[in-house]
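*Asks:* So you can see what is in the structure, the chains are spelled out below.
Number of protein chains: 2
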Amino acid sequence: MDKRAVCIISGGMDSALAATIAKNEGYEIIGVHFNYGQRTQRKELECYKKIIEDLGATKSHIIDLPFFKEIGSTALIGDELDVPTDGIKPGVPVTYVPFRNGIFLSIAAAIAQKYDAQALYIGVVEEDSSGYPDCRESFINTMNSSINLGLRDETELKIETPLIHMSKEEIVANSIELDVKLEHTWSCYKNSDKACGLCDSCRLRLKGFEKIGIKDPIVYC
Amino acid sequence: MDKRAVCIISGGMDSALAATIAKNEGYEIIGVHFNYGQRTQRKELECYKKIIEDLGATKSHIIDLPFFKEIGSTALIGDELDVPTDGIKPGVPVTYVPFRNGIFLSIAAAIAQKYDAQALYIGVVEEDSSGYPDCRESFINTMNSSINLGLRDETELKIETPLIHMSKEEIVANSIELDVKLEHTWSCYKNSDKACGLCDSCRLRLKGFEKIGIKDPIVYC
Chain A
1 MDKRAVCIIS
11 GGMDSALAAT
21 IAKNEGYEII
31 GVHFNYGQRT
41 QRKELECYKK
51 IIEDLGATKS
61 HIIDLPFFKE
71 IGSTALIGDE
81 LDVPTDGIKP
91 GVPVTYVPFR
101 NGIFLSIAAA
111 IAQKYDAQAL
121 YIGVVEEDSS
131 GYPDCRESFI
141 NTMNSSINLG
151 LRDETELKIE
161 TPLIHMSKEE
171 IVANSIELDV
181 KLEHTWSCYK
191 NSDKACGLCD
201 SCRLRLKGFE
211 KIGIKDPIVY
221 C
Chain B
1 MDKRAVCIIS
11 GGMDSALAAT
21 IAKNEGYEII
31 GVHFNYGQRT
41 QRKELECYKK
51 IIEDLGATKS
61 HIIDLPFFKE
71 IGSTALIGDE
81 LDVPTDGIKP
91 GVPVTYVPFR
101 NGIFLSIAAA
111 IAQKYDAQAL
121 YIGVVEEDSS
131 GYPDCRESFI
141 NTMNSSINLG
151 LRDETELKIE
161 TPLIHMSKEE
171 IVANSIELDV
181 KLEHTWSCYK
191 NSDKACGLCD
201 SCRLRLKGFE
211 KIGIKDPIVY
221 C
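Keeping their order, the protein sequence lines are chains A and B. Position one of the first sequence corresponds to residue 1 (the numbering used here), numbered consecutively onward. Position one of the second sequence corresponds to residue 1 (the numbering used here), numbered consecutively onward.
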């Protein structure tokens, strides 16, 4: 097989679907997962491992980024700020991790060059998401140009964002259609055993399931 | 003081000069150094510490990036490839670390947002350099746009590359004029005690000193 895609897989529903779409496009899957000190790191890693097994990934890189703890400024890491549970508000939420996707894409680009991969899949969602600036399509497109300018001239890497204009409802529906094992994914920002059901990420996930009238297979508090 | 600059400081001559220029522009200096498993990591870190002391930096982040060893594909890390010592050749050399500056700039951008810094200084040199794609001005400019799109809307960060069009000769001359302590900098890719004098980086450095007729204060084999 000659077509290779580096897939950033967080353990969540969105990136699991994005990687499954890559697989269905005929790509050999190279999984990349980041441990950046997030609250649910252990659980997300566990899900990542199940997802790459489901996908039959041929390579996997689990990347430790201990420095995020030092940079802080986000409710997803450390105990300085709480994860909000009182509903989704307009604007950039406190769970925003500064330039996280920029850092993830940069490292994934280096991995893509190692394997001569042609595509880099990331499960960002612009429309129905939490309002993170690094999930915008304009950011992804410019970052794609930066990556191709910063890599060797013979490298031509395409960032693929198949979910960018999907709603959570469409993500759940597509995941079911493509047999993504949603019981192997995790979205909660707070808990690693039973999902809280109240953080923004749980709310978005639950809304997606509710709208298509299907029960989420993971356990909630 | 209100003007803050994040300065990526490797321990080499170029980034020491770039950070000194930032200081002279009136910026409060936030130093950032990366340990990425490079051969001369210990020596570079030692130089970084001296340089930030010389600059009176108010903050410092030493960022460990252990994953570079795993990605490999460069003579600067590990024992797979040797550092060439037979002169500078055209094209991208084997010492190129895939997307290194993209990764460095992404992490530095997150740090800049933490401190509400307005500028990000990096000592890249396009003209008289080793031919690394991630030292090109076109890359830096596009990366600057990516960073501003991926950070909060209220953040406006400018990547400053005061050395990008300088020759090594001009870099040495400017360093001397601005009292950069060149004895606190290190350029050799191979050795940490006495510089080899033969790798591309030593050759470029020595050429710079030679052209202005000054002796390099560091020790060579």
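A hint or two may mislead.
Stated by the list, open to error - Taking beta-carbon pairs under 7 Å as the criterion, some of the chain A residues facing chain B (in silico):
1) F67
2) S73
3) P93
4) V94
5) T95
6) A109
7) G131
8) P133
9) F139
10) S146
11) R152
Read the hints as simulated data drawn from the structure, not as lab findings. Beta carbons: idealized from backbone N, C-alpha and C, even for Gly.
*Asks:* Next, verify each hint and record whether it holds.
*Replies:* Hint check results:
1. F67: Hint on F67 (chain A): holds, closest Cβ of chain B at ~5 Å, below 7 Å.
2. S73: holds, 5 Å
3. P93: violated, 11 Å
4. V94: violated, 12 Å
5. T95: violated, 13 Å
6. A109: With a closest approach of 5 Å, the A109 (chain A) hint holds.
7. G131: Where the cut-off is 7 Å and the nearest Cβ of chain B is about 10 Å from G131 (chain A), the hint is violated.
8. P133: Constraint on P133 (chain A) satisfied, holds at 6 Å.
9. F139: holds, 4 Å
10. S146: holds, 4 Å
11. R152: Holds - the Cβ of R152 (chain A) comes within 7 Å of chain B, reaching about 6 Å at its closest.
Going through the hint list in order, the structure does not satisfy hints 3, 4, 5, 7.
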